[in-house]
Amino acid sequence: MSPLVAMLAGAVVAAALGGLSLLRADDIVTGWRNAANVTARTAVPVFLAAYCASSLVRVFGGRLPRALLVNRRSLGLAVAAIMTVHVGAILGHGAVSRDPHAVHVIDSGGLTYVFIYLMALTSNQASRRVLGRWWGVLHGVGAQVILLKFFSLVVLRSWPHLGVFSTVMGAAIVAAVALRIVAFFAARRADGARPA
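In terms of this note's numbering, the sequence shown opens at residue 614 and continues consecutively.
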């Protein structure tokens, strides 16, 4: 899937789900709040697919993990598009509710948004060449920051009354971290087994 198609698809799906939340709500304030929630939730599994792609290939191999790895850039750009719609929903909620907390929600996730957009802007070969090893640092650190933010959104904010989504996505995030650790040690073992 091309990166542009992925971004458009992410934005359209997030906007459609957000719009549906607006239409189904009893009042406009609740509708915008629900739209913000559903767009954030839409981004989590898409992000996890990109986050786990290389680890899945390293640990399991197979056609699906390789397809995820080939499309990892597109998945990351789809996350950026979804989160842009999410920010719009937060601002919409703030406008109709006149709640200054809405702006605080964006401020509290500020570092996460910075990484999302920096990673999106540098998701190309030209940026990779210019940044050199710092490209890996940016994307490696950014992925962990985004993962922690999603964990705080889906688990910590709902604790101790976890719903089905929070439980499943929380478990998926923990499993993703475990998979990354396993893949790290598998790579080190493979490097150690190679002849010098």
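Don't read these hints as lab results, they were simulated from the structure. A virtual CB, placed ideally from N, CA and C, is assigned to each residue, including glycine. There's no promise every hint is true.
[As the list claims (entries may be wrong)] Pairwise CB distance ranges (calculated):
id, residue 1, residue 2, range
1, ARG746, THR643, 16 to 22 Å
2, ILE641, ARG746, 28 to 34 Å
3, PRO713, ARG679, 43 to 49 Å
4, GLY674, SER710, 18 to 24 Å
5, SER771, ALA791, 18 to 24 Å
6, LEU621, GLY675, 45 to 51 Å
Hints versus structure:
1. ARG746 to THR643: 16 to 22 Å: Given about 47 Å between the Cβ atoms, the range is violated.
2. ILE641 to ARG746: 28 to 34 Å: violated, 49 Å
3. PRO713 to ARG679: 43 to 49 Å: Between PRO713 and ARG679, where Cβ atoms are some 47 Å apart, the hint holds.
4. GLY674 to SER710: 18 to 24 Å: Taking Cβ atoms as reference, GLY674 and SER710 lie about 49 Å apart, which means the hint is violated.
5. SER771 to ALA791: 18 to 24 Å: holds, 21 Å
6. LEU621 to GLY675: 45 to 51 Å: Violated, since LEU621 and GLY675 (Cβ atoms, about 28 Å apart) do not stay within the stated range.
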